[in-house]
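A.B. asks: As they're listed, the protein sequences go chains A and F.
Take the first sequence: its letters are residues 1 to 399, numbered as in the numbering used here.
Take the second sequence: its letters are residues 1 to 169, numbered as in the numbering used here.
These are calculated hints, taken from the structure and not from any lab test.
Treat the hints with caution; some may be incorrect.
Taking beta-carbon pairs under 8 Å as the criterion, some of the chain F residues facing chain A (in silico) [claimed, not checked]:
#1 L3
#2 I5
#3 F6
#4 L10
#5 N19
#6 F34
#7 S37
#8 R49
#9 A50
#10 D54
#11 P56
#12 N78
#13 I82
#14 C84
#15 D89
The beta carbon of each residue, even a glycine, is placed where N, CA and C say it ideally should be.
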Amino acid sequence: MKFQIPIGPQHPALKEPISLRMTVEGEVIKDADLRLGYNHRGVEKLAESKSWIQNIYLTERICGICSHSHATCFVQGAEKLLEIEAPRRGVYLRYLVSELERVHSHLLWLGVAGHEAGFDSFFMYTWRDREVVMDILEMISGNRVHYAINTLGGVRRDLDEAQKAKILDGLKILKARSEYYLKIGAGEPTFVGRLAGVGMLSRQQAMDLCTVGPVARASGIARDVRKDDPHAFYDEVEFDVATADTCDVLGRAVVRIKELFESYKIIEFVIRNLPDGPIAVKAPRRAKPGEVVSRYEAPRGENIHYIKSNGSDKPERLKVRAPTLANYAATIEMLRHGFIADIPLIFAAIDPCICCAERTAELVDARTGEERIVRFADLRRLAASRQAHSNKRNVAWPL
Amino acid sequence: MKLGIFLPELIRSLFKKPNTVDYPFEKLEVPPDFRGSPFLHPDLCIACRACERDCPAEAIEIEELSKEEKKFQMVIHNDRCIHCAQCVDSCPTTPLKAMEMDHLFEIADFDRHNLKMQYVYNRAVPKKPAGSAVAPMSPNRSAKPSDGSESATAPAAPKPDPASKPGQS
Numbered sequence: 001m002k003f004q005i006p007i008g009p010q011h012p013a014l015k016e017p018i019s020l021r022m023t024v025e026g027e028v029i030k031d032a033d034l035r036l037g038y039n040h041r042g043v044e045k046l047a048e049s050k051s052w053i054q055n056i057y058l059t060e061r062i063c064g065i066c067s068h069s070h071a072t073c074f075v076q077g078a079e080k081l082l083e084i085e086a087p088r089r090g091v092y093l094r095y096l097v098s099e100l101e102r103v104h105s106h107l108l109w110l111g112v113a114g115h116e117a118g119f120d121s122f123f124m125y126t127w128r129d130r131e132v133v134m135d136i137l138e139m140i141s142g143n144r145v146h147y148a149i150n151t152l153g154g155v156r157r158d159l160d161e162a163q164k165a166k167i168l169d170g171l172k173i174l175k176a177r178s179e180y181y182l183k184i185g186a187g188e189p190t191f192v193g194r195l196a197g198v199g200m201l202s203r204q205q206a207m208d209l210c211t212v213g214p215v216a217r218a219s220g221i222a223r224d225v226r227k228d229d230p231h232a233f234y235d236e237v238e239f240d241v242a243t244a245d246t247c248d249v250l251g252r253a254v255v256r257i258k259e260l261f262e263s264y265k266i267i268e269f270v271i272r273n274l275p276d277g278p279i280a281v282k283a284p285r286r287a288k289p290g291e292v293v294s295r296y297e298a299p300r301g302e303n304i305h306y307i308k309s310n311g312s313d314k315p316e317r318l319k320v321r322a323p324t325l326a327n328y329a330a331t332i333e334m335l336r337h338g339f340i341a342d343i344p345l346i347f348a349a350i351d352p353c354i355c356c357a358e359r360t361a362e363l364v365d366a367r368t369g370e371e372r373i374v375r376f377a378d379l380r381r382l383a384a385s386r387q388a389h390s391n392k393r394n395v396a397w398p399l
Numbered sequence: 001m002k003l004g005i006f007l008p009e010l011i012r013s014l015f016k017k018p019n020t021v022d023y024p025f026e027k028l029e030v031p032p033d034f035r036g037s038p039f040l041h042p043d044l045c046i047a048c049r050a051c052e053r054d055c056p057a058e059a060i061e062i063e064e065l066s067k068e069e070k071k072f073q074m075v076i077h078n079d080r081c082i083h084c085a086q087c088v089d090s091c092p093t094t095p096l097k098a099m100e101m102d103h104l105f106e107i108a109d110f111d112r113h114n115l116k117m118q119y120v121y122n123r124a125v126p127k128k129p130a131g132s133a134v135a136p137m138s139p140n141r142s143a144k145p146s147d148g149s150e151s152a153t154a155p156a157a158p159k160p161d162p163a164s165k166p167g168q169s
């Protein structure tokens, strides 16, 4: 006998609104379905009415955790359209922040994985250590989350010797702690027992479903934009693409911890080889007509921005493909034949950022199944009239 | 693989001080480059509107009140501000910037209109342009006093800025 269990769009296990519909038999998931569109914000449309420089701050706000990824991806493309090139020092500083952001994102994910696996002390410790890298980022850029370090033609803030020393000190702590977490991740039997064999995604499936980032790398595909299509200074710096071949959530955790070490290597390289010179060049206000595709390896996977310019001071079109969107198809495969209790763990393992991935919203009438296009003002009116006619209006909670 | 390899760390942590700060009673220092809210030095502003043009949140409004007196009004809507400090980068006045960021972070209010800052001032005479540097923020930017040596450039009878600065509209 089959049941359908809806999880979301509002659910305690989910941090952001998404609808998962599970068809279950007993406690085994037979089929899964994902519905998006509950968090559409109209960022792409808004980008068309903002100038190039304003769009840096807009794209930065697509995501809270990988804020620098979206801004850098946009700036990479915009710099090509504006025909400017950031000076070496600017490039190094820009990608220094990228790697620091990767460290903070992976530590955050480790904590979330620990929390979903019921290992809350692990969650507390990783988030405590994450404060080290957050403080470094705040020191460099002036804020903890939205660094706003990018500008067209370079970066906005320079690094002095005292700050370099502080970063190296912070790295020492982080390295020691990450080694400890690798030991826990691969050695603590309760943790390994919870993660191993959950959310299997074979190498072939991962390839067919176009997964990106740690999800692909945990299935044995060494896919990384920094290696495959080296931009900026990634062809000069030595680092490996961390992979695992266990194809499960444990593999995804181990890949992320290993990637931390690669990021530490890159950060040290940047600090030791930081070239002298200016950090930014002056950017023109108008771009040449043309289009560009910009790729960037965000902590969650490959991030793609398509930017089209018509020669004015605003982009004509900005299309964002966030890494989470590429991993949704694989998530359904991972959920299939799993248990209900594994849903939060499997879903968290792709490190979903739901509001990043929301590009369109579709309105479907629940009764007739008819699709409609509605203006925002009409939608508000509809909601207000529904509220007004509802007999639950102003009812007191029975508690 | 043996059980409980996490235990030593847990037991050690039992005897440590909490890692968190007792927040409302004890506050962390923000770094010197912290981006708080923007504010204006009215005696330095040349009313070029560069900040108004570049502000991503459209939080800055500059209005010309009187053409012959060169009197301007700037409203900074701190309820809309996204604290990116692009206005400071865009501000062309040298060597002191007319726009600057403060270091306050407890800026919440029950009424968003209280966050509005209004300045009425006479336009400063632009000094001769000193190069066309991009002028990104220097790493050790310290909060300089507003009425420094530049106050001589402001035209006669400037509005007393302390009176107009914290005003709700």
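A.B. asks: Could you run down the list of hints and mark each one as holding or not?
C.D. replies: Hints, one by one, checked against the model:
Using the Cβ-Cβ criterion of 8 Å, the hint placing F:L3 at the interface with chain A is satisfied: the shortest such distance is roughly 6 Å. Because the closest C-beta pair between F:I5 and chain A is about 5 Å apart, less than 8 Å, the hint holds. For F:F6, the suggested interface contact is upheld, since its CB lies about 6 Å from the closest CB of chain A, less than 8 Å. Hint status for F:L10: holds, given a least beta-carbon distance of 6 Å to chain A, under 8 Å.
At a threshold of 8 Å, the smallest CB-CB gap from F:N19 to chain A is about 5 Å, leaving the interface hint in force. With 8 Å as the threshold, the beta carbon of F:F34 comes within range of chain A, its nearest partner Cβ sitting at about 5 Å, so the hint holds. Look at F:S37: its Cβ only gets to about 12 Å from chain A, farther than 8 Å, so that hint breaks. At a threshold of 8 Å, the smallest CB-CB gap from F:R49 to chain A is about 14 Å, leaving the interface hint violated.
A hinted interface residue such as F:A50 counts as satisfied when its beta carbon comes closer than 8 Å to some beta carbon of chain A; here the least separation is about 11 Å, so the hint is violated. Interface restraint check: F:D54 against chain A, minimum CB-CB distance 6 Å, threshold 8 Å, status holds. Proximity of F:P56 to chain A holds as hinted, the smallest CB-CB distance being about 4 Å (cut-off 8 Å). This hint is violated: F:N78 has a C-beta 16 Å from the nearest C-beta of chain A, more than the 8 Å allowed.
A least Cβ separation of about 6 Å between F:I82 and chain A falls short of the 8 Å threshold, and the interface hint therefore holds. Look at F:C84: its Cβ gets to within about 5 Å of chain A, closer than 8 Å, so that hint holds up. Contact between F:D89 and chain A, as hinted, is supported at the beta carbon level, the nearest pair being about 6 Å apart and thus within 8 Å.
In summary, the numbered hints that this structure violates are 7, 8, 9 and 12.
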